[in-house]
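**Q** Spelled out from the first residue to the last, the chains are:
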Amino acid sequence: MSEKPRKFKGGVHPNDSKALSALKPIQDAPLLESYKVIMHQNIGAPPELVVKKGDEVKKGDLLAKASGFVSVPLHAPTSGTIKMIDKCPGPTGISIPSIEITADGEDEWGDTFEVIRDWKNTGSEQLKQRVWDAGIVGMGGAGFPAHVKLSPPEGKTVDTLIINGAECEPYLTADHRLMLEQGEDVVQGTAILARALGLKSAVIGIEENKPDAIAALQEIAANYGVEVQPLPVNYPQGAERQLIYAITGREVPIGKLPMDVHCVVQNVATAVAVADAVVKGRPSIERVTTVTGKSVVEPGNWRFRLGTPVSKALELVGGVSEQPAKLLLGGPMMGIAQSSLDVTVMKNTSGILLIAKDEASLYTSEPCIRCGRCVECCPMNILPATISQAVENKRFDWAEDLNVLACIECGSCSYVCPSHRPLNQHFKRAKIEIQAQLRKKK
Amino acid sequence: MSETDSKPIIQMPDPAKLVVSNSPHIRSGENISKIMFIVVGAMLPACIAAVLFFGLAAIKVLLFCVVSCVLIEEGWNKLVKRRPTWKDGSAILTGILLGMNLNAGAPWWICILGGFLAIILGKQLYGGLGSNPFNPVLVARVGLLIGFPELMTTWDKPALGIMKIDVLTTATPLGLAPGETFVKDVLLGNTGGCLGETSAIALVAGGIILLAFKLIKWQVPVAFLGSVFVITGIAHVISPETVHSPFIHVCTGGLLLGAFFMATDMVTSPMTRKGALIFGLGCGVITSVIRLWGTYPEGVSFAILFMNALTPLIDRVSISKPFGYTVLEKGGAV
Amino acid sequence: MSIALIAIISVGVLGGFLGVIIGIVAKVFAVEVDERIEGVNDLLPGANCGGCGFAGCTDFAKGMVAESATPDQCPVCSSEDVKNIADYLGIVAEEKEKKVAVVRCVGDAKNTVRSLYNGVRDCRSAVLVASGAKGCDYGCLGFGSCADACPFGAIEIRDALAVVHPDLCVGCENCVAACPKDLIIMAPASADVHVYCNSPEKGAAKRKVCKTACIACRKCVKASGEEDHMLVDGFLIRTNYENPPAAELVEASACPTTALRQASKQAAGAYEGVSE
Numbered sequence: 000m001s002e003k004p005r006k007f008k009g010g011v012h013p014n015d016s017k018a019l020s021a022l023k024p025i026q027d028a029p030l031l032e033s034y035k036v037i038m039h040q041n042i043g044a045p046p047e048l049v050v051k052k053g054d055e056v057k058k059g060d061l062l063a064k065a066s067g068f069v070s071v072p073l074h075a076p077t078s079g080t081i082k083m084i085d086k087c088p089g090p091t092g093i094s095i096p097s098i099e100i101t102a103d104g105e106d107e108w109g110d111t112f113e114v115i116r117d118w119k120n121t122g123s124e125q126l127k128q129r130v131w132d133a134g135i136v137g138m139g140g141a142g143f144p145a146h147v148k149l150s151p152p153e154g155k156t157v158d159t160l161i162i163n164g165a166e167c168e169p170y171l172t173a174d175h176r177l178m179l180e181q182g183e184d185v186v187q188g189t190a191i192l193a194r195a196l197g198l199k200s201a202v203i204g205i206e207e208n209k210p211d212a213i214a215a216l217q218e219i220a221a222n223y224g225v226e227v228q229p230l231p232v233n234y235p236q237g238a239e240r241q242l243i244y245a246i247t248g249r250e251v252p253i254g255k256l257p258m259d260v261h262c263v264v265q266n267v268a269t270a271v272a273v274a275d276a277v278v279k280g281r282p283s284i285e286r287v288t289t290v291t292g293k294s295v296v297e298p299g300n301w302r303f304r305l306g307t308p309v310s311k312a313l314e315l316v317g318g319v320s321e322q323p324a325k326l327l328l329g330g331p332m333m334g335i336a337q338s339s340l341d342v343t344v345m346k347n348t349s350g351i352l353l354i355a356k357d358e359a360s361l362y363t364s365e366p367c368i369r370c371g372r373c374v375e376c377c378p379m380n381i382l383p384a385t386i387s388q389a390v391e392n393k394r395f396d397w398a399e400d401l402n403v404l405a406c407i408e409c410g411s412c413s414y415v416c417p418s419h420r421p422l423n424q425h426f427k428r429a430k431i432e433i434q435a436q437l438r439k440k441k
Numbered sequence: 000m001s002e003t004d005s006k007p008i009i010q011m012p013d014p015a016k017l018v019v020s021n022s023p024h025i026r027s028g029e030n031i032s033k034i035m036f037i038v039v040g041a042m043l044p045a046c047i048a049a050v051l052f053f054g055l056a057a058i059k060v061l062l063f064c065v066v067s068c069v070l071i072e073e074g075w076n077k078l079v080k081r082r083p084t085w086k087d088g089s090a091i092l093t094g095i096l097l098g099m100n101l102n103a104g105a106p107w108w109i110c111i112l113g114g115f116l117a118i119i120l121g122k123q124l125y126g127g128l129g130s131n132p133f134n135p136v137l138v139a140r141v142g143l144l145i146g147f148p149e150l151m152t153t154w155d156k157p158a159l160g161i162m163k164i165d166v167l168t169t170a171t172p173l174g175l176a177p178g179e180t181f182v183k184d185v186l187l188g189n190t191g192g193c194l195g196e197t198s199a200i201a202l203v204a205g206g207i208i209l210l211a212f213k214l215i216k217w218q219v220p221v222a223f224l225g226s227v228f229v230i231t232g233i234a235h236v237i238s239p240e241t242v243h244s245p246f247i248h249v250c251t252g253g254l255l256l257g258a259f260f261m262a263t264d265m266v267t268s269p270m271t272r273k274g275a276l277i278f279g280l281g282c283g284v285i286t287s288v289i290r291l292w293g294t295y296p297e298g299v300s301f302a303i304l305f306m307n308a309l310t311p312l313i314d315r316v317s318i319s320k321p322f323g324y325t326v327l328e329k330g331g332a333v
Numbered sequence: 000m001s002i003a004l005i006a007i008i009s010v011g012v013l014g015g016f017l018g019v020i021i022g023i024v025a026k027v028f029a030v031e032v033d034e035r036i037e038g039v040n041d042l043l044p045g046a047n048c049g050g051c052g053f054a055g056c057t058d059f060a061k062g063m064v065a066e067s068a069t070p071d072q073c074p075v076c077s078s079e080d081v082k083n084i085a086d087y088l089g090i091v092a093e094e095k096e097k098k099v100a101v102v103r104c105v106g107d108a109k110n111t112v113r114s115l116y117n118g119v120r121d122c123r124s125a126v127l128v129a130s131g132a133k134g135c136d137y138g139c140l141g142f143g144s145c146a147d148a149c150p151f152g153a154i155e156i157r158d159a160l161a162v163v164h165p166d167l168c169v170g171c172e173n174c175v176a177a178c179p180k181d182l183i184i185m186a187p188a189s190a191d192v193h194v195y196c197n198s199p200e201k202g203a204a205k206r207k208v209c210k211t212a213c214i215a216c217r218k219c220v221k222a223s224g225e226e227d228h229m230l231v232d233g234f235l236i237r238t239n240y241e242n243p244p245a246a247e248l249v250e251a252s253a254c255p256t257t258a259l260r261q262a263s264k265q266a267a268g269a270y271e272g273v274s275e
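Line by line, the protein sequences are chains S, H and Y. Terminal number for the first sequence in numbering that gives the first Met the number 0: 441, no gaps in between. Terminal number for the second sequence in numbering that gives the first Met the number 0: 333, no gaps in between. Terminal number for the third sequence in numbering that gives the first Met the number 0: 275, no gaps in between.
Bound conformation, chain S alone (with noise of 0.2 Å):
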């Protein structure tokens, strides 16, 4: 895997602006008066209450138990007692149930995890189970419970296993942060999750951008059998077809899983977790974000618990020094915009991102030009322009022959079109009437 990465085609460069934030050192926010944890934070089956009302609960305990394969656990952030399950504000807009926790201000842990000192002995089994029970989501974004991308279906093998340290989006550093200040954590947790894979090695990918972090990474990887693999540039470098694409050359069958290529991705974030987990016995209750903008008045790398509400967040960076057109959780390429600063800090929430006015993107649906720029940029090399035409004649058949279910949803093709259309949108929407009418076969 020393040879040089591929550059897979398309791909953008936006301004990545990471420079208000790359040089500030992760702070840990200090403990707030209440928590409200956001119930469903994980893809699949949301876990299960096990805790009411005016129970007491110490740092570290259960608040719901796993629900199915595809689903864990949740913890608690802090001790205290449980105000309320009611429902707040979730990032899709929709209101879910969560759980608010008044702090009690001892901070003090429960009976956690017995710590596995010596990981290196301890069955694949035994830790994928520490992983589950932690509560460990993909925290690069998309919030898939790990342990089951550590578990191969049968007649499924894994021979990669690659950490993503790219951290394409723009403005975000928590990850970047994460390498240079937990390297140990990040090469440790690595070396667990392959051990878990069984597997003798892995590989992380970081963006050239990066240097202080390569430069940090390689040299405590070798202790630990991984390698270090520097990555061109280029957004959607991060996605995990294009990522597993640049290091092992493989394509992902679209429809397909990176198991199916026998890779597994996990974020770099997921993978300090992991350690965490195992060498500290401690569950997933919190992360590393990055709050940033140009109106945020110091953007920062903080270590929130979950469950902290961006109006929070938003006070220790000293606010915005004026309004900002958008506020995001996650990057500005591919996060959710908010319109409550009730939402609350989730596992997957890598970045709280204020979007100033004269940079944010606002579709206005001007007719296409057909100048032909989104389908140079799609990673995924399939005509959006085309696509999205097809979309608002309400074609959707059409759509899925230009194979619009192969859209990772990167967002390069709305970012580059000059007529500002809301083709990523079209996309999504496209994607989920046709899966609709699928399943209605079915």
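Calculated directly from the structure, the hints in this document are not laboratory data. Given the structure is predicted, the values throughout are model-derived calculations rather than measurements. All C-beta atoms in this analysis are idealised placements derived from N, C-alpha and C, irrespective of residue type, glycine included. Don't take each hint at face value.
Covered stretches of chain H, going by a simulated chain S footprint (3 or more residues, C-beta under 8 Å) [said to hold, decoys possible]: (1) 47 to 57; (2) 133 to 144.
DSBU-like mimics (lysine-lysine), calculated; alpha carbons at most 30 Å apart, straight line [claimed, not checked]: (3) S:Lys3 <-> S:Lys52; (4) Y:Lys207 <-> H:Lys16; (5) S:Lys356 <-> H:Lys16; (6) S:Lys8 <-> H:Lys86; (7) S:Lys17 <-> H:Lys213; (8) H:Lys16 <-> S:Lys3; (9) S:Lys86 <-> H:Lys16; (10) Y:Lys207 <-> S:Lys393; (11) S:Lys155 <-> H:Lys16; (12) H:Lys320 <-> S:Lys255.
Chains H and Y: place on chain S using the hints.
**A** For chains H and Y alone, kept in the frame of chain S given last:
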């Protein structure tokens, strides 16, 4: 600062003023009018050359065309109750390109009629910018050519100097017998033809500007010019007495204007690189065929219009396989 | 002169010859068509709305002649039309009740909290972004996906709210599937009083985002007295369409949020909502 001010007031964003939209939330800063005005900028060298060789008459024609195109577009928008669109620059660009396709001695009513043909017949009747299957300027040019063949095929003889008084008319170099044209004249633009057909150097400079800003796909002009060069070259070798040298063919008669500015029109040419190559080759072959065997000395307009009609088909056949598609086929499973 | 004559004669002969061939082919290859299909088709409205479940009126006519469909399946036909078709086919038509669509939301731009949405102006696309950017998760988005789906122009978008005109609605149900919030139900045309809210949230949560939400105060339930015209469903009151109330109930119950409305008056724009 007094004690009471020690806790600074933190300004928070007003949630009611936050916009929600789908990702991505930033954009590249490109927009339609920027693209259009860069193309207008790329036309400037050729415009200056035209003014140098044809004098005030050229300015008059260009001005008439631009003004009539913009006014007609806005009139139409009023009529069908659409919001004004002149700011996107497409009507201005259409006007300039139309002027470049006319004779310096073209009367004012030709400009207005051309503007009408281009904007209404060529663009708005199909639904406006982005929906027209044919290049509006070429629709106008061919419309005028068929309606007023004499006006459209006699050209003012160019002469260096702004204040040109005497008007001599001449034929396009392609209409002359081989050997009558001088290479230097062709390069600089001292030959007969419409405003945009004179100076090869100015047109190539414009083309380089477009390529530098990545506004056109290099496949179109290269395939277009290349195929004309090769085909006319072969014909020239076979029959040097009746056929101009391929160099003259490439540099005259609106081919450069067509290859850099008309065939590359985004709306009416294929979106993919592969499609652009097919499109350029098709334009080149048809142009050569018309020039060598047709009755018109000039075939660029017809060639591009014909390929415009084929663009949807070219787009369809030039779809490349998506990332991850070939593997799917080899794997067998769906 | 002779050339003209030759031309006339040759074209005439050719025309006659081809005419004979077409005539023979038409006779030999004629397809047997039940003429009743034509007859029934003439009696149908011809709107091709698809409300009957067939691909257009002719298909429906074929179905009826083949006895795989009954005339009352047509949502557009009046009971008189249905009877005419039944008489024509010599069958007995069942009495059917006409249904009209009801959009169970009156949270228009003035009365409901909305965030600034930017994107595709279509409900089914808008719902993908922050759930449509309306304060209420269950409310009408007002981008008119239902109005686009209506072949009879019975749905109007007024103040970012879909309003049904019951007199124009024929009950084809095309709008029901178009709504991403499942707001539209088919109610008997005889019932004029509806609760225009579909949010199962608690009253206080609803009031925070919408002034015209049903807060389940039960004034209308009390006003209907012993009769169970109105049914309580969690934090929501619904009209009992088995036993619909009379129009007077709206006045009598004095709904504090004006969520209880008459469909006909709502269509006419007679309600203002709640003023501060």
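**Q** Look at each hint and say if it fits the structure.
**A** Consistency of the hints with the structure:
| no. | hint | result |
| --- | --- | --- |
| 1 | 47 to 57 | violated (count 0) |
| 2 | 133 to 144 | violated (count 0) |
| 3 | S:Lys3 <-> S:Lys52 | 56 Å, violated |
| 4 | Y:Lys207 <-> H:Lys16 | 18 Å, holds |
| 5 | S:Lys356 <-> H:Lys16 | 11 Å, holds |
| 6 | S:Lys8 <-> H:Lys86 | 34 Å, violated |
| 7 | S:Lys17 <-> H:Lys213 | 27 Å, holds |
| 8 | H:Lys16 <-> S:Lys3 | 47 Å, violated |
| 9 | S:Lys86 <-> H:Lys16 | 23 Å, holds |
| 10 | Y:Lys207 <-> S:Lys393 | 36 Å, violated |
| 11 | S:Lys155 <-> H:Lys16 | 49 Å, violated |
| 12 | H:Lys320 <-> S:Lys255 | 16 Å, holds |
In summary, the numbered hints that this structure violates are 1, 2, 3, 6, 8, 10, 11.
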